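Colleague: This is what each chain is made of:
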Amino acid sequence: MAVLPFRSRRSAVATPDPFEEEALAQTDALYRAALRLTRNPAEAEDLVQETYLKAFRSSGRFERGTNLRAWLFTILMNTHRNSRRDAARNPIEVDSEVVEQAQALPGRAATPEDLLLDATLDVDIKAALDALPDTFRSAVWLRDVEEFSYAEIAGMLDVPIGTVMSRISRGRKLLYEQLVATRGDEVQGTPPGRRDRAAVAGPDV
Amino acid sequence: MTLSCEQVRALLAPWVDGDIGAADRAGMAAHLGLCPPCARRAASERAARHVLQRTRPALLADTAPDTLRARLRADAQASRRQPAVLTWRRLPIAVAATLVLAFSGLTLHVATGRSTTLLAAQLVADHVKCHLTQRDHGGVNAGEVQHQLAEAYGFHARVPESSPTERLRLVGARRCLTGEGTNAHILYRLDDRPVSLYVVPNEARTNATVNVLGREAVLWSRDNDTYVLVADKGTADLGRLARYMQHATE
Numbered sequence: 001m002a003v004l005p006f007r008s009r010r011s012a013v014a015t016p017d018p019f020e021e022e023a024l025a026q027t028d029a030l031y032r033a034a035l036r037l038t039r040n041p042a043e044a045e046d047l048v049q050e051t052y053l054k055a056f057r058s059s060g061r062f063e064r065g066t067n068l069r070a071w072l073f074t075i076l077m078n079t080h081r082n083s084r085r086d087a088a089r090n091p092i093e094v095d096s097e098v099v100e101q102a103q104a105l106p107g108r109a110a111t112p113e114d115l116l117l118d119a120t121l122d123v124d125i126k127a128a129l130d131a132l133p134d135t136f137r138s139a140v141w142l143r144d145v146e147e148f149s150y151a152e153i154a155g156m157l158d159v160p161i162g163t164v165m166s167r168i169s170r171g172r173k174l175l176y177e178q179l180v181a182t183r184g185d186e187v188q189g190t191p192p193g194r195r196d197r198a199a200v201a202g203p204d205v
Numbered sequence: 206m207t208l209s210c211e212q213v214r215a216l217l218a219p220w221v222d223g224d225i226g227a228a229d230r231a232g233m234a235a236h237l238g239l240c241p242p243c244a245r246r247a248a249s250e251r252a253a254r255h256v257l258q259r260t261r262p263a264l265l266a267d268t269a270p271d272t273l274r275a276r277l278r279a280d281a282q283a284s285r286r287q288p289a290v291l292t293w294r295r296l297p298i299a300v301a302a303t304l305v306l307a308f309s310g311l312t313l314h315v316a317t318g319r320s321t322t323l324l325a326a327q328l329v330a331d332h333v334k335c336h337l338t339q340r341d342h343g344g345v346n347a348g349e350v351q352h353q354l355a356e357a358y359g360f361h362a363r364v365p366e367s368s369p370t371e372r373l374r375l376v377g378a379r380r381c382l383t384g385e386g387t388n389a390h391i392l393y394r395l396d397d398r399p400v401s402l403y404v405v406p407n408e409a410r411t412n413a414t415v416n417v418l419g420r421e422a423v424l425w426s427r428d429n430d431t432y433v434l435v436a437d438k439g440t441a442d443l444g445r446l447a448r449y450m451q452h453a454t455e
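Which chain is which? The protein sequence lines are W and Y, in order. With our numbering, letter number 190 in the first sequence gets 190, and the count goes up by one each step, no holes. With our numbering, letter number 106 in the second sequence gets 311, and the count goes up by one each step, no holes.
Some hints could be false.
What the hints assert, rightly or not - Sample of chain Y residues at the chain W side, in silico, Cβ under 10 angstroms:
| no. | residue |
| --- | --- |
| 1 | 210 |
| 2 | 217 |
| 3 | 248 |
| 4 | 250 |
| 5 | 251 |
| 6 | 253 |
| 7 | 265 |
| 8 | 270 |
| 9 | 285 |
| 10 | 337 |
| 11 | 372 |
| 12 | 376 |
| 13 | 379 |
| 14 | 384 |
| 15 | 454 |
Unchecked claim - Label-pair distances were calculated between CB atoms; the ranges are:
| no. | chain 1 | residue 1 | chain 2 | residue 2 | range |
| --- | --- | --- | --- | --- | --- |
| 16 | W | 65 | Y | 386 | 24 to 32 angstroms |
| 17 | W | 127 | Y | 440 | 35 to 43 angstroms |
| 18 | Y | 357 | W | 58 | 19 to 27 angstroms |
| 19 | Y | 341 | W | 82 | 24 to 32 angstroms |
| 20 | W | 82 | Y | 267 | 17 to 25 angstroms |
| 21 | Y | 278 | W | 162 | 34 to 42 angstroms |
| 22 | Y | 265 | W | 16 | 23 to 31 angstroms |
| 23 | Y | 440 | W | 151 | 49 to 57 angstroms |
Hints were generated in silico from the structure; no laboratory data involved. Bear in mind that the values here come from a model prediction, so they are computed numbers and not experimental data. Ideal Cβ placement from N, Cα and C applies to all residues, glycine included.
Same shape as in the complex, but just chain Y:
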């Protein structure tokens, strides 16, 4: 017997996979024939590999949800708008700064037109997905949510409280990803209908109301952060709700 138990154990994975040289294979065979503990272990690992191979079709049957595919498409499109990101880094800072100054008017214009709809579309898709998976524990405390956002994701957003007058109930918060970056997503129910408030940090946009995918999104900016309120179309008075949110986040 030339191989030790330790050497044999190190070769078990490739041995089970049949991915092992002739010399090692012979050494393994010799050892396993004489060492019942190693032989048992080899047999169980081979059995696990076999059962996984047999189950593979079932394990490969899970498919990604269509909402995720839609979000990825939107992300792809959004990131295609910013092909300059990598090139920017290679530019000397002075040149980059001059270019930013010279084109800031233009960039601002581009960033507020089509991309507002695109941003709203991404957030609406996220709104639909997150409300499907969010468990409703019957209302949560705004302070806790604020703390949670700060602790887990480093967001420092003011979280508007539940409001009986507005028939609004805070149910939770998560992190949301879009082509533009990471945002805070605060989830509410208004008469049991889903309402979302997104905080897009470090990005100012012009105020707008966008209708997309049967949802309404109200955007406003303050202190270089953009807030986006999303609800199903026809959910109460969204303008009034937006004013409540604006007041509460001040």
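Here chain W stands alone, though its shape is the one from the complex:
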């Protein structure tokens, strides 16, 4: 069997392609999103790689001057949705009302909420995010971390803008409850159900 050396000079010193460079500049952002979506580093890498393979192959369909970052995220989200569908794992749509009821905490407003949350550790927040159902986690991540517009997120998730807003809203609510539960257990050592106090006046609006 012959041993093949690297013999093409062109392959060694290829001219950088502007599209590729601009696309590859999003590697970290896509990897982070993939990590939150899959919650598994190896799967996240595969998801990012598949996203780029699709992007490179269909670069001709990308309209120059439009938002490359949003386009790449759209491919990532689609790929993730499809792979989950293929693998026939948990359906992506969850019954949000059931989730909310299951996780709802009794009304409470005695402590300033922001104060409690200010003490929350970064690791708690990651854990709380990871504990959210997929649907809400991706909406909250795209909005509050990657700071996309509602319209961009609607395109990525292939749902109407109203649904995006509702998912963000519910996702934030669940995240808050998750954090209060984590924090509350740690700080007070009591289960969340025991911690309700008399409702005081609502917060300033």
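Assemble chain Y onto chain W, guided by the hints.
Modeller: This is chain Y only, laid out in the frame that chain W set:
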């Protein structure tokens, strides 16, 4: 109060984001002042948004591993070799077929030279990454792996068994992506050193041994599938191992 609880809840996300018109904002303020449940919910969503904004730098601190970057570069380069893919689809089939026939000799030549090294380099990068993340449960059954590949990824590859004679242990299988497409990746340990067998479907190549990134890759093709055996350089006798694999995949 002009807004209902339902209307208020629908506007909570843009309200928290400060991305709301003056009229809606006034309606929200009026409702929230009089409706403690909505006010509590609004406050908790705002608190979640605040805590996320405060944590954002930490959440943005995760970076992609260098091995992934290397693989993406290789993919970019590989896909640049096939810029004709989109154009092909637009050609009438007859014209395309004639062109394929006329250039098949040439294409075959191009596909076996530089791209063999490129394919090997991509697989070696994948080999390194996957063995780092693969958990070793102490040997798995080839039949199960074969089933898993077929069920999860639609691959129908013969999976060579663990072999005490070859000191080879099957530890798992995954899907692997390269610029050329999706391949089956079967992971082994030989005396606890990582060994990989890749099956690249629907692609025949000439036999070759490629040294790349301190690893050795042995390629052979059968029935229009290409098999690539990858191991760290100096891992036993790779030629002998390749013969075992060739025999086992027949």
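Colleague: Now tell me if each hint is right for this structure.
Modeller: Evaluated hints:
Interface restraint check for residue 210 of chain Y: the shortest CB-CB distance to chain W comes to about 13 angstroms, outside 10 angstroms, so the restraint is violated. For residue 217 of chain Y, the interface hint holds, the least distance from its beta-carbon to any beta-carbon of chain W being 4 angstroms, beneath 10 angstroms. This hint holds: residue 248 of chain Y has a C-beta 4 angstroms from the nearest C-beta of chain W, less than the 10 angstroms allowed. Interface hint status for residue 250 of chain Y: upheld, as the beta-carbon distance to the closest one in chain W is roughly 4 angstroms, under 10 angstroms.
Given hint, residue 251 of chain Y at the interface with chain W, holds; its Cβ is 8 angstroms from that chain's nearest Cβ, closer than 10 angstroms. The restraint placing residue 253 of chain Y at the interface with chain W holds, with a minimum CB-CB distance near 4 angstroms, inside the 10 angstroms limit. For residue 265 of chain Y, the shortest C-beta to C-beta distance to chain W is roughly 7 angstroms, which falls under 10 angstroms, so the interface hint holds. This hint holds: residue 270 of chain Y has a C-beta 7 angstroms from the nearest C-beta of chain W, less than the 10 angstroms allowed.
The closest approach between the C-beta of residue 285 of chain Y and any C-beta of chain W is roughly 7 angstroms, which is under the 10 angstroms cut-off, so the hint is satisfied. Restraint check, residue 337 of chain Y versus chain W: the minimum CB separation of about 9 angstroms is within 10 angstroms; hint holds. Checking residue 372 of chain Y against chain W by beta carbon gives a least distance of about 23 angstroms; that is not within 10 angstroms, so the hint is violated. Residue-level restraint check for residue 376 of chain Y is violated (minimum Cβ-Cβ distance to chain W is 14 angstroms; threshold 10 angstroms).
Taking 10 angstroms as the C-beta contact cut-off toward chain W, the hint placing residue 379 of chain Y at the interface holds, the least distance being around 8 angstroms. For residue 384 of chain Y, the interface hint holds, the least distance from its beta-carbon to any beta-carbon of chain W being 7 angstroms, beneath 10 angstroms. Residue-level restraint check for residue 454 of chain Y is violated (minimum Cβ-Cβ distance to chain W is 17 angstroms; threshold 10 angstroms). At roughly 31 angstroms, the beta carbons of residue 65 of chain W and residue 386 of chain Y sit within the given window of 24 to 32 angstroms.
The hinted window of 35 to 43 angstroms between residue 127 of chain W and residue 440 of chain Y holds, with their beta carbons roughly 40 angstroms apart. Residue 357 of chain Y and residue 58 of chain W have their C-beta atoms about 25 angstroms apart, which keeps the hinted 19 to 27 angstroms range intact. Between residue 341 of chain Y and residue 82 of chain W the C-beta distance comes to about 30 angstroms, which sits within the given range of 24 to 32 angstroms. Distance hint check: the CB atoms of residue 82 of chain W and residue 267 of chain Y are about 24 angstroms apart, consistent with the given range 17 to 25 angstroms.
One distance hint, 34 to 42 angstroms for the beta-carbon pair residue 278 of chain Y and residue 162 of chain W, holds here, with the actual separation near 41 angstroms. A beta carbon spacing of about 25 angstroms between residue 265 of chain Y and residue 16 of chain W agrees with the range 23 to 31 angstroms that was offered as a hint. Checked against the hint of 49 to 57 angstroms, the C-beta distance between residue 440 of chain Y and residue 151 of chain W comes to roughly 53 angstroms, which is consistent with it.
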